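Protein chains in written order, with the working numbering: chain P, 317 to 721; chain L, 317 to 721.
A few of these clues could be false.
As the list claims (entries may be wrong) - Okay, derived cross-link-like pairs now, DSSO-like style, lysine-lysine, Cα gap no bigger than 27 Å in a straight line: (1) K564(L) to K615(P); (2) K484(P) to K318(P); (3) K422(P) to K706(P); (4) K631(P) to K704(L); (5) K344(P) to K527(L); (6) K406(P) to K422(P); (7) K570(L) to K422(P); (8) K570(L) to K570(P); (9) K706(P) to K653(P); (10) K344(P) to K711(P); (11) K422(L) to K385(L); (12) K431(L) to K631(P); (13) K631(P) to K527(L); (14) K431(L) to K385(L); (15) K631(L) to K431(P); (16) K373(P) to K344(P); (17) K385(P) to K403(P); (18) K631(L) to K385(P); (19) K403(L) to K564(P); (20) K344(L) to K431(P); (21) K631(L) to K344(P); (22) K373(L) to K422(L); (23) K527(P) to K344(L); (24) K422(L) to K527(P); (25) K422(P) to K672(P); (26) K373(L) to K344(P); (27) K711(L) to K631(P); (28) K631(L) to K653(L); (29) K344(P) to K564(L); (30) K344(P) to K422(L); (31) K615(L) to K631(P); (32) K385(P) to K431(P); (33) K564(P) to K344(L); (34) K672(P) to K631(P); (35) K615(L) to K344(P).
The hints are simulated quantities; they were obtained by calculation from the structure and are not laboratory data. Nothing here was measured: the structure is a model prediction, and the numbers come from that model.
2 protein chains.
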Amino acid sequence: MKVAVMGYGTVGSGVVEVIESHRAVISKRTDGEPLEVAHILDLRDFPGDEREALFTKDFNDILNDGEVKVVAEAMGGVNPAYDFTMKLLKAGKSVVTSNKELVAQKGLELLETAKEYGVNYLFEASVGGGIPIIRPMDQCLAANNIEGIAGILNGTTNFILTRMIEDKMEFSKALKLAQENGYAEQDPTADIEGFDACRKVCILASLAFGKHVYPNQVETEGITNITREDVSYIASINGVIKLLGQIKYISEDKIAAFVSPAVVFNGSQLASVNDVFNAILVRGDAVGDVCFYGRGAGKLPTASAVVADMVDAAKHTERRKIFGWGAGSEDYVVDYKTTISMPFYVRAKSSVGAIKSVFGEVKFLSRYGQPADEVAFITDKMTENELKNKLEGIKFINTIKITDY
Amino acid sequence: MKVAVMGYGTVGSGVVEVIESHRAVISKRTDGEPLEVAHILDLRDFPGDEREALFTKDFNDILNDGEVKVVAEAMGGVNPAYDFTMKLLKAGKSVVTSNKELVAQKGLELLETAKEYGVNYLFEASVGGGIPIIRPMDQCLAANNIEGIAGILNGTTNFILTRMIEDKMEFSKALKLAQENGYAEQDPTADIEGFDACRKVCILASLAFGKHVYPNQVETEGITNITREDVSYIASINGVIKLLGQIKYISEDKIAAFVSPAVVFNGSQLASVNDVFNAILVRGDAVGDVCFYGRGAGKLPTASAVVADMVDAAKHTERRKIFGWGAGSEDYVVDYKTTISMPFYVRAKSSVGAIKSVFGEVKFLSRYGQPADEVAFITDKMTENELKNKLEGIKFINTIKITDY
């Protein structure tokens with residue numbers, strides 16, 4: 317079957333590579349018919365590339381090729397990927413994507429269009445890179461009420477935090493190392509501020525609870541305020557700090573969804589997810605906790621998920637897969653700061669006495685080199701707003717949520 | 317849609333319970349049509365059970381009910397489950413099962429019959445209880461050459477080993493605790509001798525590499541020889557002992573598959589799988605390592621996987637899912653003892669000098685209370701037969717494989 321690839325960056329070139337190098341396994345799944353890349357769309361030139369004959373700068377070459385039934389979109393960004401994808405779906409072609417930004421922003425319209433035109437829009441690679449999560453979640457959903465989801469969804473920040481934890485690095489030095497290793501962009505904002513994780517939370521929440529959640533509905537806090545001192549206090553109680561995306565079911569019409577640093581205790585499956593690995597934990601009322609772990613980014617892992625979707629779309633040209641969701645609403649995602657209670661880690665310039673007079677008998681932490689005027693402690697369960705009120709008048713340095721995952 | 321459940325033990329009663337308690341989520345997936353349990357087959361009486369009206373002791377009540385399109389088999393054992401399943405498939409009914417013994421022994425015939433009669437035979441719950449593994453593996457397989465699989469597949473033995481590791485219990489005491497907690501049967505043989513894990517290895521290997529592997533082809537060693545002393549030596553090098561099922565790709569016509577205690581080092585996703593939890597790690601050439609974790613047994617987790625399969629079968633009455641495999645052969649599974657090289661942990665009544673003279677400069681381990689005439693060490697990579705040869709003349713107490721997972 318003829319297919320096309322849009323975008324020849326890391327993922328797109330990986331997709332072409334996996335299709336070429338995995339002809340045998342792919343053919344087994346498509347009744348002996350291999351996928352043949354007929355067009356590669358990219359505005360850049362790749363002189364000397366062995367696939368030069370396949371390149372085009374004209375999107376219409378793909379749109380108008382009636383033999384192309386499945387297209388991989390690995391362009392990234394909302395435009396022109398949205399416009400192209402819409403046109404392809406309306407032309408009766410299935411589209412698979414690794415583009416989390418597009419799915420998070422425009423997934424609803426694209427899924428509805430795919431449904432209308434009887435084709436597939438698949439996005440396994442948009443969350444967790446190579447980790448199968450969209451289909452397994454679909455399966456968990458079939459006989460469970462999902463209570464919550466927690467995920468380490470960004471490899472760059474997890475690499476940075478791992479270096480801070482294991483090698484006692486400062487944030488800035490760990491970020492530099494991530495950049496030197498190619499794990500972080502020159503402008504690392506989307507990763508370290510949590511925006512990338514936020515998009516993935518939107519996709520997981522939309523899929524899990526059936527209503528589109530948009531990035532601006534998900535309160536997002538990055539890891540730039542995390543210090544070696546915080547890491548050290550948390551280590552003293554056998555915990556680690558991770559950037560977590562969390563989603564909690566509240567009612568048929570309400571969920572909470574947020575991205576922030578969070579304390580996970582050793583023993584949790586999420587605690588041992590290190591370096592650029594990702595993991596997604598799904599909590600169902602019948603199955604309990606299930607967890608999916610693997611490489612959340614990288615050329616071949618992500619490409620293998622894109623190609624698996626292409627194979628699936630190729631097998632289902634006559635029939636749609638049903639992954640999807642409906643419209644959301646402005647008040648669907650609640651303000652977690654006033655609704656979700658949890659314990660917090662707090663570090664402050666204060667005294668044990670002053671803290672006790674406000675927070676009662678809390679657990680105090682200690683670290684090597686702790687200054688006499690610094691305290692760190694774990695609060696009882698409360699909302700973030702309640703915490704904020706209690707901290708009024710206290711010179712706090714940092715607060716971090718503590719999870720029950 | 318009318319469905320039936322065969323076997324009203326732990327899993328079967330859980331299936332009925334999940335169908336009743338999850339009407340809303342199930343209906344969402346089946347276009348508004350809930351599953352209705354029309355018959356429950358069990359030879360026992362359940363006087364006073366609220367579902368009394370549904371019970372039958374006559375299999376023909378299910379076989380001859382033309383409205384029943386999907387049947388859950390949770391009887392366990394090969395007979396009469398095999399006979400019943402065959403008849404149902406031939407009558408055009410899809411069957412889903414949690415019965416690993418039946419799938420491992422008779423999966424090929426049942427899958428071929430299902431294919432012939434255009435119905436589904438689904439078995440997600442037969443491996444890893446509630447953990448989605450069959451479908452995710454299918455997805456991994458679509459664009460990866462699978463290099464190997466390693467799994468903690470039996471909750472009972474993992475509970476026992478966890479207690480030996482965390483609480484320094486003797487094996488016999490940990491087994492007793494497992495029995496008291498309902499995690500182990502009065503006759504614990506199938507679990508502690510590795511037979512249960514062996515059946516799951518057969519199913520995973522058959523699915524991953526497309527040829528049926530039978531239990532008698534998988535060399536199986538249980539955990540009864542593991543002692544606190546071994547646990548203690550292994551802890552000194554930051555490792556833990558797990559009962560692992562391992563499968564390794566060798567060539568298109570050869571695999572290795574075996575069940576045994578094995579050393580996993582902390583940092584591996586498999587090392588932090590404790591108590592009755594299971595995990596399955598799949599290593600693909602494109603995706604790298606992915607790992608699936610959750611409750612591998614228990615009433616509701618397993619039942620939720622059975623019901624998810626029932627939902628899938630209910631949605632696909634017109635169309636078959638393609639999970640399956642072909643015939644195997646006697647020489648398909650190689651003797652791993654002569655082909656797979658790995659390091660080993662060895663404990664012996666010997667001396668450092670004697671060991672060095674045979675094994676060269678190996679790493680020696682120590683433990684609290686180590687007798688003067690006992691040594692423990694880690695060998696270089698070798699096959700198990702090579703190890704056996706080298707150990708001739710040495711009074712060894714135990715040897716344990718060391719994994720690269």
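| request: Taking the numbered hints from earlier one at a time, note which ones the structure violates and give those numbers from smallest to largest. | output: Hint check: 2, 3, 4, 7, 8, 10, 16, 19, 24, 25, 26, 27, 28, 31, 34, 35 fail, others pass.
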